[in-house]
Structure formats: C-alpha cells, structure tokens
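Trainee: Residue numbers (numbering that gives the first Met the number 0), protein chains in the order written: chain A, 0 to 259; chain B, 0 to 288; chain C, 0 to 294.
Bear in mind the hints are in silico, worked out from the structure with no lab data behind them.
A hint or two may mislead.
[Claimed, not checked] Subject to a maximum C-alpha distance of 25 Å in a straight line, what follows is the list of computed BS3-like cross-link-like pairs (lysine-lysine):
1. C/LYS153 <-> B/LYS271
2. C/LYS111 <-> B/LYS271
3. A/LYS172 <-> A/LYS186
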Amino acid sequence: MKIEAKHLIRTFGTYVALDNVSLKIEEGELVALLGPSGSGKTTLLRIFAGLDFPDSGSVLFDDQDATRLRIQTRRVGFVFQNYALFRHMTIYKNIAFGLEVARGKDRLKPSLIRERVFELLRLVQLAGFENRLPAQLSGGQRQRVALARALAIEPRVLLLDEPFGALDAMVRKELRSWVKQLQRQLKITTLFVTHDQDEAIEIADRIVVMNAGRIEQIGTPNEVCEEPATPFVWEFLQGQVTNQVFRSSRSSGVAEFRAG
Amino acid sequence: MIAERARPPKNRSAVREPARVRLALVAVAVLFLGIFVFVPLCAVFAEALKKGLGVYLASFNDSAAIAAIQLTLLVAAIAVPANLVFGLAAAWAIAKFEFSGKSLLVTLIDLPFAVSPVVSGLIYVLIFGAQGWLGPFLQAHDIKIIFAVPGIVLATIFVTFPFIARELIPVMQAQGSEEEQVALSLGASGWQTFWRVTLPNVRWALIYGVILCNARAMGEFGAVSVVSGHIRGLTNTIPLQVEILYNEYNFVAAFAMASLLAVLALVTLLIKSLVEWHASSQSAVKEQI
Amino acid sequence: MKAKQTVTVTTHAGALSSVQLWWKRRILPGFGVTLGFTLLYLSLIVLIPLSAAFLKASGLGWEAFFRAVSTPRVIASFEVSFGISLLAAGINVLFGAIVAWVLVRYRFPGKKALDSLVDLPFALPTAVAGISLATIYGPNGWLGYPILAWTGIKIAYTQLGILVALIFVGLPFVVRTVQPVLEDLDLEYEEAAASLGASRLQTILRVVGPELFPPLVTGFALSFARAVGEYGSVVFIAGNMPMKTEIVPLLIITKLEQYDYRGATAIAVVMLIISFLLLLAINALQRWSNTGRIR
C-alpha cells in the first residue's frame, strides 16, 4: 500500500510539532524518518497510525482519505519503542491478540489462528518460545515478538517507532539488518523513526530528514549524504560514510552490494 | 529552563472512551461521592446551625462540653507526641536498615487498622479492668485506669500509633541512606545526622502524619467508648459527648460538638493537599537541577 | 562510637550466616536504640494486651468458648456484620474503580475537590459520621424522607442503613489502592491493543483489567476489614435490634455492660483471629500487587 501525507499541521498549544509536512511513500518501500529530538518524526508516525490527528491536512492510504479513520480500523502494524508487550500474556497470546479480538468476517477459526501464530514465530525465529512471558525474554527477543504481533493482523503498512532504541549496540546492528531482510521478503511498506544516522543510511531505501517540524530533505541515503539540500542536512549527516558508490547489507554471513 | 523536549505532549485520543461514556462515568462518580460523602458532611453543619448561630455557640458554654473538649485535647496532647516518638524510631529502624523479621514488624504496626476499635478497647479492660489481670493490683493501690483518663489515653494510643510510622516509612525508604552516610563521613554524630539531615527531608510527611494522628486521636470513638465508662464531665471526650447528646435528642448540641471534629477533618484534608502539592513541586524542582 | 564503627559492605550479606547478618555492624547508628524502643512500645501497647485477651479466653476452656460464640444471637450478629460488610466492600469495589478511573484518566472542573472528598471517610471521626448518616437517612432526613415517600423503603434502623454506613467507611480504600496502579499504567499498552484492532471495551477487559485485579482485590480486603469492625458510624443508624440489625462490636459492648466478660472476650477473640488472617491476606495481596511494577 502506498501512503501519503498532505500538508499536515499539528500543534500542541504554542508548540508546532508538524509544520506543513507533505510526503509520499511508495508501495514496498522502507523509509526512515530521521531527525533529532523534537523534529516531529514521532508525531508524523503516530498520525499515520491513527494515534494522533492533525489540525489540518490529510493522510491518504492508496489514494483514499484516511485522516479521520480510527486506529482500530486502519490495519497498521505499529511497533512501540518499548514494545508494549502485554505482560500478563504468553508470547503466543501476545501474537494472537490481534487475531483473537477480530470480529465479524475478519475473525479466523481457532485452528487457523494457531497456524498463523506458529508461522510468525518461525518467521521471527522464536519457535519454541510461545509459552514464555515477556519478562523472560531478552530485549532483542521482545522486539521480534512485537514485530510478529504487529504482522499477525496482516497490516497494510508497518510503522516502527525507534525500534532499535532500547537495545545495545551489537543487538541493534544484528536486528536492523534482519528487519531489512524481512521487509524485503514480505514486501510490506515500512516507515520507521530513528535519530540514528547509521541506522537510516544502512537499511532505508529513502530517508526523510526532519527538523523542527519540517522536512529538510527526502532522498536515498546516497543523495542526502552526498547532496545535502540544506545546511541542517549536511551538518546532521556530517561524516557519514555511505560506502560511496555501494550500499551494502549483511545477513547470515553473506554480504550484498548494490551499486548506486 | 526546559530544554527541547524529546516528545511533545501527547494527545492520546486512541485510548479514550467515547464522550458519552466519559460523561456517564463522571456523573456516576460524582453522584456516588456526592451521596455518600458530600451530603453527610454538609448535614453536620446544617444540623448544627439549624437553630441559628446563637444556639450553636451556646452549646460550647456548657460545662460538660468544655470538660469534653479539655479531655480530648489532653488525650491528644499525650497520645500524639508518644506516637510521634514511636513513629520516628520505627521508621528509622525499618527504613534505613535491613534485618530479618522486618515484614513481621511492619505487619504488627499495621495491626490496629484491622482490629475493631471496640476490641481494642476491650483488651485494655481485660488487663486493667476490675476483673482483669492487673485488676486486683490496681485496686489495692487505688490506681484507676479503666473508667479514667489513663485508660482513655492508652486506648487512643493503640488505635492511632500506626499513622505517623506509616507516613514516614515509605518516604524514608524512598530517600535511601546516602545523605546520612555523607553526613557521617563529614563527622556528624548520629543525633546530628538525624536532626539536620533526616528530619528536614521528611518534614512534610511528618507534618501530615502528625495532623492525621491528631485528627484520629481526637475523633476516636469505639475504643474510648469501651474504656471510659461514659462518666459525664469526667471521662467524656468530644465523640462520647456527641453520642450522649444525640441519645438525649439534643440534636443541635450534638451536631455542634460534631462540627468541631468535622472542621478538624477538613483542616486535615487541606493540609494533606498542601503537602502533596508541595511534594510534587519539590520533585519537579529536583528534575530541573 | 564513630571510631569503632567499621564500614561493612551490605552487598556481601549473602555470604554471612543469618545470625551474623543480624549482629553485624551497621553503617548508620541508632539501630539498636530505635529497634529496641519500637519493640518495647509494641509489646506494651499491642502484644501484651492482646495476649491478655487470648489468655482470658483460653481460661474459658474450649467448650465454654464455643458455647459463648454460638448462641443464636451471636451468630446472627456475625451474619449481619460479615454479610453486610461483604456487600458494602463489593459495592465499593465497583464504584471505587469508577471513581479511580475518572480521577486518573479524565479532566474536568472540580476534580481536585472530588479527589479530596474521597479521603473524608478516612479523616472524619466515626461518631460524627454516625449521627450524620442517621439523621440524613432517618424518616425525616434529607434523603430518608424522599426515599420513603417515593419507594416506601426505610433506610435508617434497617440493614440498609448499616449498608450505607459501611459503604461510607470503606470507600477510600478501593480508590486509593487502584489509583497508583492506574497512574503507573503506560498508555502504550492500550494503544498497542487498539492498533491490533481491539475495541475500547476489549482493551479495557483484556489489557487493563488484569493489571487492576490485584489492587481491586486488595482494596476489597481492606474495605471489608474496616467494615467488619466498624462501630461508631454504624451504631446510630443501625437500630441495633438483636438478631436483625445488631452488629458484632455492639454485641461486645452490650455484653460488657452486662458484665458478661467471658462472652465479650470470646467474641472478641474470634474477631481478633479474623483480623489477623485478614491482615496477613492484605499484606500478601499488597506484595502481589507490587510485583512486576517498576517503582
């Protein structure tokens, strides 16, 4: 699904979180919203999710106006920074949650729900963990459960809020290339918020650089590093190495290079 | 100065109930508290002033009323300081040290909350009463405890001793013992540390604890009822006097005395709000440092 | 004293036996004094008087004890006290939860005042509450009269009156145990549930509910414990008819006034045992409530 924001304005009192923001994201893209604290990137993500509503402007899902749509009906997969796993439920129940609360024609038979949950557990490489509780898992494992839970409802778009922020450096690196690989495999439109330039450059197809509620530049990692459009972009991405010509990703011991 | 905020204040509309539901719930809450709390509170003052301000004030001129007020003040003047010392000692031992049996101790301190006030009074009668353990001994020495002021003081102490301790313990626990250790390292003695470092840190919890203990001490009814013998002019506290007047159908006088305690309760609540407001503004200041 | 103190590192406590743990030198002074005083005070005020009660009761012998507590009148008073206390605690759980929710989640004018009102039953002396409730719900009272006129239901001097009084005294307990838990609850969990398609009701039942269950049970137990032993608030509005509206504390006093010390003590011992059990249960519940919460 492609998503679009048109002229979004969002203020909290006198504080302007989003100042006339417009953005188009194509089907299957992995886009990073990059910027410092207070740049408005999380507000933008939450407006896409339906956890917040703009003062003016519109949000379009596949060219249809979704601005006022309630989050329950948007079918977006949202992963919170701290995962927000349901503490009292097993991993199985967490992942199955979205399937179990579905009503009407969306409701699956219990056997199909089971199938789906185990499929997802395998997908995120947590098969065998279904009866554990979130407290028994490591940070990286919880993150993968949060992802599986969001994917269970077959969302049209994945929205990740600083997904790797709470993890330590090594786990972070592993997880982000894994997410990249997953996204390629599922071909699901994905938008993620980060303040980490490395992260954005390494895995995003395109980067949206934001500052103080405005978009400074949208472009491929190469473009924003090599051809910064504003002084802010230059300074924010200063010294970022983009492997010049090549962009690479690593997974399972194999390195892939793509030109350009 | 607050630096740029990481997250703007959230308007979490996805997790709100529809407006009708919210309105209904607020209405239910207001009605519930209104009927069960607000109306009784107003009734005290309404009934007291039913026959006008003159009659209201005249109720306090009665010698029995004055005696009751004096006794209540006396009991509080003994019980509250005693419980204050206890509260400080217990809080210090519990909050700053680790020892086995601590949770049992805390449970014991909570005991008066679970025991009926009538039972609390009864157990003192069982010891000091004419047929009690020490009964013969006391009679031989002509010491009166039950049906006299000392009994009332004891029963009041029993019922109210947890209050100060319970206010202090969580606050002292939350503060840890770092500051005290620093004071010691700088050469302060134990007492100096306690006076200059610990007490000032807990002064608001202490003040509220004392006020609450005082309100409960002055208002205690059940335990004192058992222990006092209801001897008018001698062993009646304000609550007991209220009961006597009410049972004699002297409603205005009864409510007049009751209104004194009601005002005390309101002052207690007011101080509680002040303490909480102060505590929250203090922690806000600390965050900015 | 300062010179003799050694700085012991408490983190190595695990290596010490429990006896050593008790006696090892502590960094801060005053442990012995304060603990000693605390225990002394407790013994004098609480432990010795309580043992007196139990000893006196045991002087009765089992048979006499059981006879004293199983007369129809005594049993009826237990039924009245416990039955109505259970009901009052249940009502407080329902409405207390609503009040706590409203106070934590919503904003409206007068919220601070409402919050303070919740504490009033805690601060107001029981006798004051007692005469006030009796007057209001009496046949000529502000609420008693209209209710009697419209529905023919009498409140004062009936078990309904007792119920009203017990709701009053137990009210703050549920609200004040639920409020902190609700305040600590991160909204993200509910947002996550909403993003997965759950309706508001489903979210509250499946996600918020389990979090609130421990404090609700704790509040119920506290409210119940308070109600069972309550005297001052109830005795004016109850009517105090034996077998019908006589509560246990009043029965104890009645027996005392009749110099039936044995009977009074026997009943008191039963109440004490129940108080102990309730207290242990409440402490366990509070610990259950606090596990998993980051404070």
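Trainee: Are the hints correct? Go through all of them and say.
Mentor: Taking the hints in turn, this is what the structure says about them:
{"no.": "1", "hint": "C/LYS153 <-> B/LYS271", "result": "violated, 37 Å"}
{"no.": "2", "hint": "C/LYS111 <-> B/LYS271", "result": "holds, 12 Å"}
{"no.": "3", "hint": "A/LYS172 <-> A/LYS186", "result": "holds, 21 Å"}
Violation of the numbered hints given earlier is confined to hint 1; every other hint is satisfied by the structure.
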